[in-house]
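Assemble the complex: chain A is given as a structure, and chains B, C and D must be docked to it using the hints.
Protein chains in written order, with the numbering used here: chain A, 1 to 225; chain B, 226 to 648; chain C, 649 to 984; chain D, 985 to 1199.
Bear in mind the hints are in silico, worked out from the structure with no lab data behind them. Possibly wrong hints are sitting among the right ones.
Stated by the list, open to error - Result set (BS3-like, lysine-lysine): computed pairs, CA atoms no more than 27 Å apart in a straight line:
(1) D:LYS1040 x B:LYS489
(2) B:LYS329 x C:LYS868
(3) C:LYS758 x B:LYS344
(4) A:LYS24 x D:LYS1045
(5) C:LYS950 x C:LYS810
Residues per chain, in single letters:
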Amino acid sequence: MFWEHFAVWVAAFLTLGIYSFLYKDNPWYKLCESIFVGISAGYWFVTLFWDNIYGKFWVGVFPPTHVNELGESVRTAQPDYWLLVGAVLGLLMLLRLVPKIGWLSRWSLAFIVGATAGFYLINYFSSNVMRQVQDTIMPLFGSGFDASAYVIIGNIVVAVGTFTGLIYFFFSKEHRGAFGFSAKVGIFFLMVTFGASFGYTVMSRMSLLIGRIDFLLSDWLGLIR
Amino acid sequence: MQYIRPTDGGRRSRLAFGFLSILIVFAALSAPVVAQDVVADTPADTTAVSHVPAPATSVVVDDYKYDFGDRLNLSWVPSIDDQIGERMVLGYIVYRSINGGEFKPLESLLPGASSFEDKDLHADSSYVYYVAAFSETDTVPSIHTQAHQPEREFIHFDLLWLFVIAALISFSVIYFIWMARAGKDLFVRKIAGLDAVDDAIGRATEMGRPILFIPGIQDMDDVQTIAGLTILGRVAKQIADYDTRIRMPVSRSLVMTAARETIKAAYQIAGRPDAYSDDMVNYVTDEQFGYVAAVDGIMVRERPATIFLLGAFFAESLILAETGNSVGAIQIAGTARPAQLPFFIAACDFTLIGEELFAASAYLSGEPKQLGSLKGQDVGKGIAMAVILIGVISVTLGKAFDIEIFNWIADALSTVFSKAGGS
Amino acid sequence: MSTRIKEILVVALVLVFCAIIYIGKVSGWMKGVTFSPAVSMIVIILLAASLAVILVLTIRGRLVGRRTVFVYVGIAVALPLFMSISQYIPISPEVRTLHDGLEDLQDGSKVLVSFDYDPPSAPELQPMAESFFRYCMDRDFKIVIMGLWPQGPLQANQAMEKVLEDPKYAAKNYQYGVDWVNLGFQTGNEFVIQRMGTDFRSMFATDYSGANYETLPIVKNVKNFSNVDYVFNLSAGYPGTVEWVQVAVDRYGVKLGAGNTAVQAPQCYPYLRSGQLIGILGGMNGAAEFEKLTGHEAKGTKFMLSQSFSHMIVIAFIIIGNVAFFMGGRKKNLSV
Amino acid sequence: MRREIPLIITGLVGIVFVVQYFIPHWPFNRMNAWFSDWFSIVQACAIWLGALNLLKISLEKIARRKSDWGYAVVIIASFLLITIIGFVEGESFRDPGTRFTWLYDFVYTPLSSTMFAILAFFVASASYRAFRARNFEATLLLLAAFFVMMGRVPVGDALTAFMPEGWRLTDLATWIMNFPQTAGQRAIMIGIALGIVSTSLRIILGIERSHLGGD
Chain A
1 MFWEHFAVWV
11 AAFLTLGIYS
21 FLYKDNPWYK
31 LCESIFVGIS
41 AGYWFVTLFW
51 DNIYGKFWVG
61 VFPPTHVNEL
71 GESVRTAQPD
81 YWLLVGAVLG
91 LLMLLRLVPK
101 IGWLSRWSLA
111 FIVGATAGFY
121 LINYFSSNVM
131 RQVQDTIMPL
141 FGSGFDASAY
151 VIIGNIVVAV
161 GTFTGLIYFF
171 FSKEHRGAFG
181 FSAKVGIFFL
191 MVTFGASFGY
201 TVMSRMSLLI
211 GRIDFLLSDW
221 LGLIR
Chain B
226 MQYIRPTDGG
236 RRSRLAFGFL
246 SILIVFAALS
256 APVVAQDVVA
266 DTPADTTAVS
276 HVPAPATSVV
286 VDDYKYDFGD
296 RLNLSWVPSI
306 DDQIGERMVL
316 GYIVYRSING
326 GEFKPLESLL
336 PGASSFEDKD
346 LHADSSYVYY
356 VAAFSETDTV
366 PSIHTQAHQP
376 EREFIHFDLL
386 WLFVIAALIS
396 FSVIYFIWMA
406 RAGKDLFVRK
416 IAGLDAVDDA
426 IGRATEMGRP
436 ILFIPGIQDM
446 DDVQTIAGLT
456 ILGRVAKQIA
466 DYDTRIRMPV
476 SRSLVMTAAR
486 ETIKAAYQIA
496 GRPDAYSDDM
506 VNYVTDEQFG
516 YVAAVDGIMV
526 RERPATIFLL
536 GAFFAESLIL
546 AETGNSVGAI
556 QIAGTARPAQ
566 LPFFIAACDF
576 TLIGEELFAA
586 SAYLSGEPKQ
596 LGSLKGQDVG
606 KGIAMAVILI
616 GVISVTLGKA
626 FDIEIFNWIA
636 DALSTVFSKA
646 GGS
Chain C
649 MSTRIKEILV
659 VALVLVFCAI
669 IYIGKVSGWM
679 KGVTFSPAVS
689 MIVIILLAAS
699 LAVILVLTIR
709 GRLVGRRTVF
719 VYVGIAVALP
729 LFMSISQYIP
739 ISPEVRTLHD
749 GLEDLQDGSK
759 VLVSFDYDPP
769 SAPELQPMAE
779 SFFRYCMDRD
789 FKIVIMGLWP
799 QGPLQANQAM
809 EKVLEDPKYA
819 AKNYQYGVDW
829 VNLGFQTGNE
839 FVIQRMGTDF
849 RSMFATDYSG
859 ANYETLPIVK
869 NVKNFSNVDY
879 VFNLSAGYPG
889 TVEWVQVAVD
899 RYGVKLGAGN
909 TAVQAPQCYP
919 YLRSGQLIGI
929 LGGMNGAAEF
939 EKLTGHEAKG
949 TKFMLSQSFS
959 HMIVIAFIII
969 GNVAFFMGGR
979 KKNLSV
Chain D
985 MRREIPLIIT
995 GLVGIVFVVQ
1005 YFIPHWPFNR
1015 MNAWFSDWFS
1025 IVQACAIWLG
1035 ALNLLKISLE
1045 KIARRKSDWG
1055 YAVVIIASFL
1065 LITIIGFVEG
1075 ESFRDPGTRF
1085 TWLYDFVYTP
1095 LSSTMFAILA
1105 FFVASASYRA
1115 FRARNFEATL
1125 LLLAAFFVMM
1135 GRVPVGDALT
1145 AFMPEGWRLT
1155 DLATWIMNFP
1165 QTAGQRAIMI
1175 GIALGIVSTS
1185 LRIILGIERS
1195 HLGGD
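Pulled out of the complex, with its shape left as it was, chain A reads as follows (with noise of 0.2 Å):
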């Protein structure tokens, strides 16, 4: 019982603590700021290591054995060697602490480093470029006039944003004339994209803030029934 209440009280302070920065810099958010971080860092170090170290390497490599029917141990999965390229990528990395081979450390670095590039090269490349190039290719007036003038209006607006859009992105010319004009309608078609991602942005948000003010009033104060 006693547990219960301190909980719901421990996460009120906490929670008050973060709201005072509101108002200004002060001990109370430094004294929560200082525990987020501690516990978050811990939290994740705990669970990177359980999660990662001991769930995806350690059992990956050494898969645990279960008694079957017949009283047999027996391995639950086969075990995938192929993990030990990455303790060895791992361990690479732990180098650093040993200043004078931490050099080494470099090498896992450049590994991550260049499958990432290589990954998202053309991952980006077809999912962003080829997918939306194609999607943009549409009949303006559907097949044979059949669209509405909504739809019309909507396809427009569509092709001329995606193409002015690309415009205003060109590095290899100066912004001037007809071509700067392009750009400029572009630049009103990013313009409307973000006003709308903001519109929804401040929806979401005022969301969490309806959530953590239910909290406060209902759960922990019970004002609320």
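Relative to chain A, chains B, C and D alone:
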């Protein structure tokens, strides 16, 4: 930084036209005709009036194209008693026999199913299937398929177009880098946010306050983080030149390691390796908002004069930018996450939008070969724009007035780009 | 008295006040506060009037600071929670298609619900989870729960507990393991979905509490996606709806509906147009609409009033800010 | 050598990862999964460096009695508290009822939720302070935001109830989301992808090498 000398427009348009014609010809040639070997086709018995459902027909097994020989595709025409409204068939069971062995039930599917993908197979075994339709009382098997061995393929030819276009753009990037190396002048327009970097660093030096650099909150497996660090390389060199203080709290340990290497290298290039210290970069926590709480604290307590926010940002973008703004710092921000851009635009002095973030390090370096790569990007945009223009016009005319040639062009372009656009 | 001491006093007073209310709640003499419609209207009018005063002050050249804005946001969110006025909630097409898609399922169908969010996003997604469970129980659906985010399955349990508090649903007597199951969390992001396409068991050898997959009647015969009738995904980011569409829908052809935070939702609209996604609930608004369609008005609907208010406040302050800007002769160089 | 080997590794690995996309044959078909596994192992190793760095900085603060050193004690104490509990609980540390879960539910969750929710205030103050109809572009941004914000809450629909269905604020918001918003997003997405292509190529070719450090 001025790179005057406009390139020859006429030649460029001819080049673009050339690219496109090649594309279109390839598209026409690539319409794939996949022959299916129809194994069994039993006409359904429609006259019998009974509760025994008709079997599934035309059961075909064929190789799953472009895999490691570990998948087969099974498809069939559903039983005619499997129709919405009068569902006599309650589902299908797929049976499989490996290397002529006993048939075993493999999978139970819902009514209406007409295909099944069998995975985790071995390329050197042969497989025979049949599909049984079942009702409440009866189970009716289809005819067996022929034995089929999955095939291994070395190259994913469905992705040929992706490869061709990606290669085209990659080569144009490399080509322009090579041209720049050979001493050709390349023009790149001014990017406002990047021209401000110098002043922003100078300002911090004058005020005697630190510079805060935030490379986003993602790890090294995000290209935006890497782009942020490459910009850090340029910025840190100037910071070393000016002898300003840099403060860089990060939320990922790998980023901490990489950032230290980056700054250290920049200080070496600037000729002041002794001024570098590991303490310039410190790890806070992996947790998004724990990190934000700490960085907010740093902002209000150390009052940096200049703040760089360059990398992958999520919800924290606004908290960081607003707090930075409230302490009166000059802020230069950039991210490729569209949802966060409005807040940077609102709260920061300069914002690099999407692509500009990736162009920044090349632009700041001022090296011709780096700038060459920006030209290559423009070729990519040119192709995208040309395809959109031609595609939209031809599909619109084609569909509106039913003109064969336009429909053909549109289909060709669409095929090329859909084949390439993986899931 | 120095400012420091004043501040400490204020904080202490607030905490003592809260403690009194808390004790009231625990001992039962505090019953909660509700504004009648008349009082609510008065509050709204007062709020509007004070905004008008701020507008007038601004026109006269006296700008309010950040903290005033903060106070108004706090008020605009908190006060409507006490009000008892209802507003008409129109149903958007994407929520209707989601509901229609669910209606098309047969009673007793098997649905997989993936909880891909954590507590910070719960205000938006928890109401969706709860009303989705209620709907499932109304239709006697069998519910299989999983999560791609570590905290997702915990949220699912909370939602289930909440729904079962209602005697109507407690009477349904949903048996764990038979009518619903929580398979827990698995690391691996979209690779989890991919491997589930072949075999659920390879990803979830046991359920949340460690019971063996084979011993759970509800999933005993569930091998892969072809044995579930519908997948519902509650998503707050990566991995989430985009991954479910790309892997589960594109490769395995599942029927997918989704609930998203409002920030995520715009990214998913393209999938809606292409039909890869059968309906979407976007943010609190989506939750409220779904509650209306399923006939159980709960938190989503209640929170919508706060949502409306807070949007109005933000818009009001944008207007006030712009008035200040135009009255000030565009002196201040503010970047937009 | 300290510079060259990393450059070669980056280049080779980069090329292999481009090529794997087009080759369904072993081992290329497994590379994605391998990389995701390996990366998570490296990440879990690297966090030791981060955690030690956090502790080192905090300890230095305490040792030198820098201002606010008391908070450094709090950081260390809370870090050690959750870490020790987490390791003692074993692999099922996340199960309900453990002490780790208690800390997660009543300390970590309120803090992160509140920090997340503080955005609501900042979003409002940013709107008030920075969203000015300074020029045509800014006005467009404002208008789009206005219509979407109004169109997504019941109030907006109520205000335009006099309009026929299909012409209300809700519908306008939907139109903005479906068309102009899509166009802008597309242009940004295509640009980003090309930027990534060129950045990746610079990295693979070894032109961009600052992240690999000096000698």
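Evaluated hints:
| no. | hint | result |
| --- | --- | --- |
| 1 | D:LYS1040 x B:LYS489 | holds, 20 Å |
| 2 | B:LYS329 x C:LYS868 | holds, 18 Å |
| 3 | C:LYS758 x B:LYS344 | holds, 24 Å |
| 4 | A:LYS24 x D:LYS1045 | holds, 23 Å |
| 5 | C:LYS950 x C:LYS810 | holds, 16 Å |
When each numbered hint is compared with the structure, no violation occurs for any of them.
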